[in-house]
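**Q** Protein chains in written order, with our numbering: chain A, 1 to 163; chain B, 1 to 75.
Note that these hints are calculated values from the structure, not bench results. We put the beta carbon where it would ideally sit given N, CA and C, even for glycine. Careful, some of the hints might be misleading.
Looking from chain A toward chain B, a few residues come up when the C-beta cut is under 7 Å (computed) [unchecked claim]:
| no. | residue |
| --- | --- |
| 1 | Arg-8 |
| 2 | Pro-23 |
| 3 | Thr-29 |
| 4 | Thr-30 |
| 5 | Met-66 |
| 6 | Pro-78 |
| 7 | Leu-80 |
| 8 | Ala-83 |
| 9 | Ile-84 |
| 10 | Leu-98 |
| 11 | Ala-105 |
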Amino acid sequence: MAETNAKRMSMIVTKGSLDWAYPPFILATTAAAMGLEVTMFFTFYGLTLLKKKLDLKVTTLGNPAMEMPMFGMHIGMPNLVSAIPGVDAAASMMMKNLIKKKGVASIEELRTMAIDADVKMIACQMTMDLFEYTQKDIIEGPALGGAATYIETATKSDINLFI
Amino acid sequence: MADQLLDVKGLNCPLPILRAKKALKDVPTGGTLEVLATDPGAVKDFEAFCRTTGNQLLESKSENNVFSFVIKRTA
Chain A
1 MAETNAKRMS
11 MIVTKGSLDW
21 AYPPFILATT
31 AAAMGLEVTM
41 FFTFYGLTLL
51 KKKLDLKVTT
61 LGNPAMEMPM
71 FGMHIGMPNL
81 VSAIPGVDAA
91 ASMMMKNLIK
101 KKGVASIEEL
111 RTMAIDADVK
121 MIACQMTMDL
131 FEYTQKDIIE
141 GPALGGAATY
151 IETATKSDIN
161 LFI
Chain B
1 MADQLLDVKG
11 LNCPLPILRA
21 KKALKDVPTG
31 GTLEVLATDP
41 GAVKDFEAFC
51 RTTGNQLLES
61 KSENNVFSFV
71 IKRTA
């Protein structure tokens, strides 16, 4: 690839829940819009963000900071309610409704915009092997690579994030 | 009056910036784009966007909870 003078940003994307999918895609699309060359390296649970069909969820488990605006106040979600069948599904649905209501983009929308903005995506080969994914499971476009591929990108980047 | 108008009222971060970037592509160099937004975060974001991309923020104002930005495409 031809070297340019544009600033660069790289990101390691390790998480695949609905809430954690936002920071990497928001930053990638915005950086690209601001003229940066962006590379996203998807590893472990982050790899699921490359699946053709996304079905992202949130969980109340292990997230004491999660408060949903309801009835004019903020309702905390106790850890243990996550064990009740349907609670996480309901929380995910609630989050998706909020996202729509507040004019926040969907992850699908942001991912398409990232691809359209030529954000370079790398799928971690080791994670593909580990969780038995094939290239048929993920969207077209991402290259397969490993740690060395990422490190080379990172050495040439102005911003490197681990999310 | 700007050459083009983009209405992103009701949209939240980062959509106002992303839509503006897309709209700027259709503005000839030296032309202007007016963006209408309701996201209060857009005020600082459009300043940062213009500084980083080298485009010129000619105007930034707020009226009845609607923010308007006039960007001159110089980059």
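**Q** Now, for every hint given, state plainly whether the structure supports it.
**A** Outcome of the hint check:
1. Arg-8: With a closest approach of 13 Å, the Arg-8 of chain A hint is violated.
2. Pro-23: violated (11 Å)
3. Thr-29: holds (6 Å)
4. Thr-30: With Cβ-Cβ at 4 Å, under 7 Å, it holds.
5. Met-66: violated (19 Å)
6. Pro-78: violated (28 Å)
7. Leu-80: violated (32 Å)
8. Ala-83: Violated. Min distance 32 Å.
9. Ile-84: violated (31 Å)
10. Leu-98: violated (11 Å)
11. Ala-105: holds (5 Å)
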